[in-house]
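Asks: Sequences listed follow chains A and B, in order. With the working numbering, letter number 141 in the first sequence gets 141, and the count goes up by one each step, no holes. With the working numbering, letter number 220 in the second sequence gets 220, and the count goes up by one each step, no holes.
Please keep in mind that the hints were generated in silico from the structure rather than gathered at the bench. Please note that a few of the clues may not be correct.
To be verified - Taking beta-carbon pairs under 10 Å as the criterion, some of the chain A residues facing chain B (in silico): (1) Gly69; (2) Asp73; (3) Thr77; (4) Phe90; (5) Thr91.
Owing to the predicted nature of the structure, the values given are computational and were not obtained by experimental measurement. The beta-carbon is built from N, C-alpha and C at its ideal position, and this holds for glycine as well.
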Amino acid sequence: MALLDIANLEASYGPVQALRGVSLSVAEGSIVALLGANGAGKTTVLKSISGVVVPERGSIVFAGAAISGLYPDRIVTAGISHVPEGRETFTARTVQENLTLGSWPRQDRGAIAADLDRVFELFPILRDRRTQRAGQLSGGQQQMLAISRALMARPKLMLLDEPSLGLAPLLVREIFAVIANLRQDGMTILLVEQNANMALEVADYGYIMETGRIVMEDRADVLRGNPTVQEFYLGIAGAAEAGPRRYKRRKQW
Amino acid sequence: MIRAIWRPACSIVLIEFLQQLVSGAAAGCVYAMVALGFVLIFKATGIVNFAQGELMMVGAFFGLTCVDIFHLPYWIGAILAVAAMAVFGMLLNRVLLRPLAGQSTLAIIMVTLGMSILLRASASVIWGPETVAFDSPFSRKSVTLAGLVLSQEHVAIIVATSLLVAGLFGFFRFTRIGIAMQATSENQLAAYYMGIPVRSIHALTWGIGAATAGIAGIMLAPVAFVHVNMGYLGLKAFPAAVLGGFGSIPGAIVGGLIIGIAESLAVLYLPEGFNNVAAYILLLLVLTLRPEGLFGVHTARRV
Numbered sequence: 001m002a003l004l005d006i007a008n009l010e011a012s013y014g015p016v017q018a019l020r021g022v023s024l025s026v027a028e029g030s031i032v033a034l035l036g037a038n039g040a041g042k043t044t045v046l047k048s049i050s051g052v053v054v055p056e057r058g059s060i061v062f063a064g065a066a067i068s069g070l071y072p073d074r075i076v077t078a079g080i081s082h083v084p085e086g087r088e089t090f091t092a093r094t095v096q097e098n099l100t101l102g103s104w105p106r107q108d109r110g111a112i113a114a115d116l117d118r119v120f121e122l123f124p125i126l127r128d129r130r131t132q133r134a135g136q137l138s139g140g141q142q143q144m145l146a147i148s149r150a151l152m153a154r155p156k157l158m159l160l161d162e163p164s165l166g167l168a169p170l171l172v173r174e175i176f177a178v179i180a181n182l183r184q185d186g187m188t189i190l191l192v193e194q195n196a197n198m199a200l201e202v203a204d205y206g207y208i209m210e211t212g213r214i215v216m217e218d219r220a221d222v223l224r225g226n227p228t229v230q231e232f233y234l235g236i237a238g239a240a241e242a243g244p245r246r247y248k249r250r251k252q253w
Numbered sequence: 001m002i003r004a005i006w007r008p009a010c011s012i013v014l015i016e017f018l019q020q021l022v023s024g025a026a027a028g029c030v031y032a033m034v035a036l037g038f039v040l041i042f043k044a045t046g047i048v049n050f051a052q053g054e055l056m057m058v059g060a061f062f063g064l065t066c067v068d069i070f071h072l073p074y075w076i077g078a079i080l081a082v083a084a085m086a087v088f089g090m091l092l093n094r095v096l097l098r099p100l101a102g103q104s105t106l107a108i109i110m111v112t113l114g115m116s117i118l119l120r121a122s123a124s125v126i127w128g129p130e131t132v133a134f135d136s137p138f139s140r141k142s143v144t145l146a147g148l149v150l151s152q153e154h155v156a157i158i159v160a161t162s163l164l165v166a167g168l169f170g171f172f173r174f175t176r177i178g179i180a181m182q183a184t185s186e187n188q189l190a191a192y193y194m195g196i197p198v199r200s201i202h203a204l205t206w207g208i209g210a211a212t213a214g215i216a217g218i219m220l221a222p223v224a225f226v227h228v229n230m231g232y233l234g235l236k237a238f239p240a241a242v243l244g245g246f247g248s249i250p251g252a253i254v255g256g257l258i259i260g261i262a263e264s265l266a267v268l269y270l271p272e273g274f275n276n277v278a279a280y281i282l283l284l285l286v287l288t289l290r291p292e293g294l295f296g297v298h299t300a301r302r303v
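The shape of chain B in the complex, shown without the other chains (with noise of 0.2 Å):
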């Protein structure tokens, strides 16, 4: 930053880049909550959940329900909306999905649209079509970093992200249940014959991706206020997965990074409009160059 007392005009254009790569990188830590649960869910069950964003739209609203009706802290809000996020994915994974099991996927996929569709008509009906604001700690303050002015908003994001992204890493990798949830969705037939209890691991991995989508929500709802189609931001979220390459955890991750920085990075250089496409220009080039997704492996059996 030295430099910049001799080349203003240089350091202008660089902190404008910075800037903007730091919103971007926020909004693209956003798409990665929802690709990450998006992802965890078909891993472990095979479904393709385009509810997704819905979920997030619901846990946003449950934050709201908690800090702002029912008057909680807001941490607590929070804490607990995405708790009973996590008990909302496993009811609907009892209820709408275990009954489905061993049907076509296309009759899956039918029921996670309705889903959707059913999740935002709920929304609208329990709490108004209206959009509102839903204020955090950090609304409307900045915090000064080397000479970038960034919003407190995005640091947080990016903060919350790291950490539910090294939690999660810790429990796959360490915990006992964490091995047996990445065996079944390895291998569920094997997974049984261990006497892993599939069905409860099915449930599990709602509830965590159901959390995920409502910590990316609540998260979301202070930069792009609360209202009953936030949930399509799951679009963006889609090609974020596919990006990473469909079914891989770090996939999803820098797949929604990357789509949020350049959708990003769009606004500053490209023609108005090309933001709203970058993401999927993005995802044309690099399923061209590399169908399998970024992180994407061919698996092969032996037999």
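Chain A with its partners taken away, still in its complex shape (with noise of 0.2 Å):
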């Protein structure tokens, strides 16, 4: 039994229909990677899980229990955390007070402070700027901000989105070694990235999204090694090629 299994899931943003009946499932320990091209559902994706956008059907069971249309809260209490697309780190609070609002739903005085502990050691630079605002950290260090924030509820599963936009290839790396830390030490993650490369690299499992559908499915390795994921997601050109060549290539699937 996986950890997290979402079966048939719709959503829409008013008369757009953004998930056309989207499948997929998390298992414990594991890291799991969503791609897909801008628009393709992924962020929608995420949002049902956490309770931000409302799904219209289908079911979303976490560690035995539904939460589909349950609140934000609830499903944090219930141990999802959210590390949302473009970071929303709160840039008027300190870094100390942006990661004590992250251990919102607990109650454990002593266990939050050895996290916090845990978390500066994650990332060094946090402890040296815990008492600037968050407004004035880098970019990069906003997204360590953003996932230390969200370890910070000590969850079962975390939900990244776009981790790596906009920063710099070196950032890149640095932010994927920890996702891959996170993992060894039992952490299970849904990963959203345009970033196929990387994402694929740290991932056990991916799953494809076009259009608000799942479109392709297998284990990361596999998906790396076909043809039609090496040309629209790896960016290795020319990779599908079989026969005359064509000016745009059809997609077979």
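Grab the two chains, each in its own frame, and use the hints to assemble them into the complex.
Replies: What follows is the structure, given as structure tokens:
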């Protein structure tokens, strides 16, 4: 039984249907990558899980309990933390206040202090800047803060939305190294990325979305070897070529 | 004040000025308290509550009911009335405003305007349209301070406002829930992601906003009497909030004080009638020179 099971999820923004029946599951202790172009519905899947978007149909089962349609605070308490796209730190609050706010659902003060130390070990730069306002951090540091803040809730499942967005290549490597580390510590992660290369490197399993549907799913190493994925998501030109060259290739799903 | 012995003419002018200053500051404190509730609710929920003045009026009537009708001791009655206002504010939020979440700003503004009319009408039905006196332990007493003769009521208003502001400052600065409230007002979506119960935070904000208005009403009642239309004073709290930079809490307090003092000095130094428009002239001046208000900030977001 997977930690998270989503079946036939449908959601829309007004008249625009964003999800047209998405099913996926995330096994405990694994990293699952959700890939796709802009507007494919990846972020909507995450928002539906965390309760910010209320899905119209379908079920979301987390650790054996249906959580679809619950309020976001209940879902965080259930053990899901969402690191949103664009980081969404509280820019006028200090780094430390941001982290404390991340531990909002918890009451165990001693353990919170210990977790704060752990987070500072993970990202030492945050310790140095703990009294500064989050708005004064660089983009990469804010991403570190956003991840740390989510960790402070001690989630069972982390939803990471485009953690590499707008970051320098070196920082992208650093963030992904942290993601791989988190998994070694037993964290389960659902990762949305446009940087398919990096995502499939750390992930165990991957789903590919297009216009609100899952069009392909497989183990990450199999996806990396798939010619269509290589051409359209990994940017390896001509990988899927066989026979006469076409001006624009058609996808094979 | 020793100079007063030698230069009586000068000191009378000075004392007159200082006394007018204190009574202006007292009026300004009332504006500030109403503006404060206004800004709190706006910052937390994004709702411009045009019924803030009416909440003050209801608070005054609650106080009157507790003390003059139920014959409770003044302080117990006042505290009870303020607590009742907090509950009343949360109730308004729950019944009228929460169902409107996600609707257009215009629809919500119409609802708060409608709420102000409803509150005035209901108050008129319940308590009658007469103007009622509501004495406090400070009524018709004065205190002499370094040669200044001040009304105890005015001093009480200034002291109460200072205590309230200090209390709110401590609450927002040091308590977990206060910090969560500020964070929610800064970035509501992120607050949802943190698991902060945003709807409870909104309810609490309405409670605090209405209680603040209630305190303003109870403090103002002995000075200005209690009547159904006392909520129109909210029309002065609105420029106070804008003057300070809409959405800034220190701005609301300073804005309220400036408007109260300007009005009061206008009585003394300007031709008759100017005191009624002083607030708005000042508002125009400030907005011309500093469109974001005294304490307003241009918010820039890094993406």
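Asks: Does each hint fit the structure? Answer for all of them.
Replies: Hint check:
no.	hint	result
1	Gly69	violated, 14 Å
2	Asp73	holds, 4 Å
3	Thr77	holds, 6 Å
4	Phe90	holds, 5 Å
5	Thr91	holds, 7 Å
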